[in-house]
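> Residue-level listing of the chains:
There are 2 protein chains.
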Amino acid sequence: MATIVQKYGGTSVGNPERIKNVARRVLETQRAGNRVVVVVSAMSGVTDNLIRLAREVSEEPLEREMDVLLATGEQTTIALTAMAIEAMGGKAASCTGGQAGIVTDGVHTKARISSISPDEVNRLLDDGHVVVVAGFQGVTSGGRITTLGRGGSDLTAIALAAAIKADVCQIYTDVDGVYTADPRLVPDARKIPVISYEEMLEMASSGSKVMQSRSVEFANKYGVPFEVRNSMNQNPGTLVTRETMNMESVVIRGVSLEKDQAKITIAALPDRPGNAARVFSAIGSAHLNIDMIVQNTGRDGEARISFTLHKNDLKKAREVLEEAVRGIGERVEILATDGIAKVSAVGIGMRSHSGVAATMFKALGDAGINIDMISTSEIKIAVIVDEKSQENAIRVVHQAFRLHEAPLV
Amino acid sequence: MATIVQKYGGTSVGNPERIKNVARRVLETQRAGNRVVVVVSAMSGVTDNLIRLAREVSEEPLEREMDVLLATGEQTTIALTAMAIEAMGGKAASCTGGQAGIVTDGVHTKARISSISPDEVNRLLDDGHVVVVAGFQGVTSGGRITTLGRGGSDLTAIALAAAIKADVCQIYTDVDGVYTADPRLVPDARKIPVISYEEMLEMASSGSKVMQSRSVEFANKYGVPFEVRNSMNQNPGTLVTRETMNMESVVIRGVSLEKDQAKITIAALPDRPGNAARVFSAIGSAHLNIDMIVQNTGRDGEARISFTLHKNDLKKAREVLEEAVRGIGERVEILATDGIAKVSAVGIGMRSHSGVAATMFKALGDAGINIDMISTSEIKIAVIVDEKSQENAIRVVHQAFRLHEAPLV
Chain S
3 MATIVQKYGG
13 TSVGNPERIK
23 NVARRVLETQ
33 RAGNRVVVVV
43 SAMSGVTDNL
53 IRLAREVSEE
63 PLEREMDVLL
73 ATGEQTTIAL
83 TAMAIEAMGG
93 KAASCTGGQA
103 GIVTDGVHTK
113 ARISSISPDE
123 VNRLLDDGHV
133 VVVAGFQGVT
143 SGGRITTLGR
153 GGSDLTAIAL
163 AAAIKADVCQ
173 IYTDVDGVYT
183 ADPRLVPDAR
193 KIPVISYEEM
203 LEMASSGSKV
213 MQSRSVEFAN
223 KYGVPFEVRN
233 SMNQNPGTLV
243 TRETMNMESV
253 VIRGVSLEKD
263 QAKITIAALP
273 DRPGNAARVF
283 SAIGSAHLNI
293 DMIVQNTGRD
303 GEARISFTLH
313 KNDLKKAREV
323 LEEAVRGIGE
333 RVEILATDGI
343 AKVSAVGIGM
353 RSHSGVAATM
363 FKALGDAGIN
373 IDMISTSEIK
383 IAVIVDEKSQ
393 ENAIRVVHQA
403 FRLHEAPLV
Chain Z
3 MATIVQKYGG
13 TSVGNPERIK
23 NVARRVLETQ
33 RAGNRVVVVV
43 SAMSGVTDNL
53 IRLAREVSEE
63 PLEREMDVLL
73 ATGEQTTIAL
83 TAMAIEAMGG
93 KAASCTGGQA
103 GIVTDGVHTK
113 ARISSISPDE
123 VNRLLDDGHV
133 VVVAGFQGVT
143 SGGRITTLGR
153 GGSDLTAIAL
163 AAAIKADVCQ
173 IYTDVDGVYT
183 ADPRLVPDAR
193 KIPVISYEEM
203 LEMASSGSKV
213 MQSRSVEFAN
223 KYGVPFEVRN
233 SMNQNPGTLV
243 TRETMNMESV
253 VIRGVSLEKD
263 QAKITIAALP
273 DRPGNAARVF
283 SAIGSAHLNI
293 DMIVQNTGRD
303 GEARISFTLH
313 KNDLKKAREV
323 LEEAVRGIGE
333 RVEILATDGI
343 AKVSAVGIGM
353 RSHSGVAATM
363 FKALGDAGIN
373 IDMISTSEIK
383 IAVIVDEKSQ
393 ENAIRVVHQA
403 FRLHEAPLV
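Sequences listed follow chains S and Z, in order.
If you want this note's numbering, it's the 1-based position in the first sequence plus 2.
If you want this note's numbering, it's the 1-based position in the second sequence plus 2.
Worth flagging that the hints you see were computed from the coordinates, not collected in a lab.
Where hints are given, some of them may not hold.
Remember, identical chains collapse to one label, so a pair may be satisfied in a single copy or spanning two.
Once the Cα atoms are required to be at most 35 Å apart in a straight line, the calculated DSBU-like pairs of lysine-lysine come out as [to be verified]:
#	residue 1	residue 2
1	LYS93	LYS112
2	LYS318	LYS93
3	LYS93	LYS364
Produce the entire structure from the sequences given, and follow the hints as far as they go.
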């Protein structure tokens with residue numbers, strides 16, 4: 003008898019009809035001879051409504067109470083899902099995050115799971131229940147309600163799967179799995195049957211937002227394999243798992259596009275110790291996320307540092323930097339550009355295959371697409387291109403690695 | 003420094019603006035030098051919406067999960083109220099029923115409080131917080147969420163007041179207090195400044211539905227005085243407390259009207275042991291509430307039993323009785339009438355004053371109102387009249403006891 007954790011997001015439980023669909027699928031899984039834990043999110047729209055209510059009573063709602071408020075969203079879904087399962091003749095019991103034994107630190111609205119005591123979940127499973135657990139939430143050791151922040155329900159599912167030693171963890175969403183590229187941009191993109199945690203992480207941080215990085219990191223850390231599937235059909239999804247030997251035979255697993263990027267270049271920065279730190283600590287203090295960083299030093303003892311960030315952060319970053327570089331050197335200049343995008347090719351196979359960068363750059367060059375910046379990791383090559391070329395760029399790279407036809411396992 | 007428990011019902015917290023009003027009032031109370039616990043209900047309409055959702059996933063929603071679902075209503079209000087208090091510069095913390103230490107039995111949707119461990123509430127009070135507690139809910143000793151049923155939030159407030167030894171418990175509602183009669187029917191009705199638990203109970207069970215009887219009974223049992231007040235103004239309300247010596251100087255505290263009553267008479271019932279029991283156990287098994295019961299036995303050895311009930315239960319009661327009396331006696335007849343109402347006069351003073359019944363009957367007689375049935379308790383006289391006379395009846399009784407002018411303390 004296998005133990006399966008299934009997670010359904012806000013769209014999959016968005017109304018009573020869809021909750022019934024989830025109940026049906028869950029019962030089928032149980033009746034096929036499995037022990038089933040279901041992790042659910044708030045019904046889509048509910049969280050936004052609660053946030054709107056909070057804003058009406060307070061301009062800056064207390065984070066501790068925000069968690070008490072938002073936790074009602076998933077609590078509503080667990081009750082309705084358990085009712086729906088019972089109405090179909092099943093046996094179900096709901097658990098809030100706290101009841102499921104999910105203990106977190108006290109950082110409200112973005113708490114981290116510190117431990118899980120799944121005694122109640124195990125007891126209910128042993129008693130033949132489908133256990134319906136509220137995603138996204140936990141309690142502190144002092145019993146205060148917390149929420150886990152973005153992607154929190156995925157994290158609940160993966161962490162619970164680890165705690166109860168589940169055989170399978172299925173993350174149901176509104177897409178069939180992870181693709182070699184976004185199918186809206188690359189029509190011949192293919193679903194990837196198996197992908198390693200590392201590749202999934204690089205894909206996630208390069209714009210393929212099927213899941214938040216933290217859930218994948220958690221799964222990697224605890225060795226929890228999970229499958230991303232579509233809640234609206236029965237298609238097999240993408241299995242995300244530890245790297246295996248034969249995965250290296252595929253050079254590139256997928257390509258991703260991150261739109262709406264911008265670049266800041268600090269030119270003629272005197273190349274003295276501490277200057278780069280001064281720049282990036284100013285950016286850090288302003289809570290701005292930056293991505294690729296490139297530095298060159300010329301013969302004149304002046305550095306040129308460029309980095310990319312989301313275009314929405316460009317104005318603030320520029321202000322912060324102008325303040326930070328004041329007095330550093332008289333020729334220092336800050337140049338800001340938006341209208342760029344990042345194209346990444348990801349694959350653990352590139353570790354053992356040479357010539358990957360050459361293939362990618364040649365494909366872009368042949369298509370007349372100029373490369374503005376380059377950044378590489380062990381399993382990723384990313385380039386910055388003009389946003390006018392972004393869709394063409396991802397298509398030619400997808401084509402160059404033959405992702406439309408290559409065998410993918 | 004006094005400790006005050008304030009309870010606000012669903013209308014008083016019905017929207018963000020009203021929640022802010024509650025926050026303002028609570029802060030005033032705290033700033034006047036008090037420790038304040040606030041018990042809140044779900045925002046009006048929220049509970050009905052949740053019930054509607056439940057019905058959409060299940061024809062007969064599981065009661066255990068219904069409690070998980072409904073408890074989100076008050077949880078939403080506590081978070082918003084705490085936020086509103088903080089936004090006004092106060093210090094507040096919310097507690098669900100479970101966090102406030104309210105432990106109940108496991109009878110879902112109508113649980114009874116079995117114990118309260120107010121450690122967390124006391125700790126938060128000591129720390130200078132306004133403590134905002136979710137009414138209507140608790141947890142079982144096994145940690146399952148329960149709700150207390152109708153009037154549950156009043157019960158939470160009174161029980162918490164007892165547990166933390168509060169000096170004052172204020173029940174805020176949408177009326178100024180308890181009146182000598184319903185002011186919509188008797189324009190010169192007056193607010194009652196002080197009333198005993200017993201009188202309040204008799205008034206409640208006679209149609210003055212300011213509060214559910216169970217909360218008053220609980221307050222009586224644990225000796226918790228409480229005040230019924232209007233959340234929309236600063237008027238003093240009605241203090242409900244233990245009987246005191248001088249209360250007896252007022253013969254009648256108030257009169258109440260219960261509309262939409264019906265009567266069933268079982269005529270020619272052979273007066274043998276067990277026949278009455280047979281009748282009333284049939285009614286009891288059908289979960290029908292009956293009120294006044296009158297029995298007379300004639301010289302012919304046949305009894306005539308009449309009782310009253312709500313007119314909505316009349317049809318079902320008749321069916322049940324026709325089944326129950328089958329074979330008891332051939333002349334047995336069941337007569338059902340609706341279109342009647344109950345007028346009650348309540349006052350602990352009637353124990354020591356004779357002639358109260360006479361005054362009431364004479365007033366009704368002088369007004370040409372026929373009395374159909376009479377029932378008395380130690381502190382109440384109730385009569386059944388035709389519903390056409392009901393409003394006139396309550397006015398003339400109110401007048402007869404000079405409730406429009408009598409000193410009321």
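> Check each numbered hint from earlier against the structure, then list the numbers of those it violates in ascending order.
3
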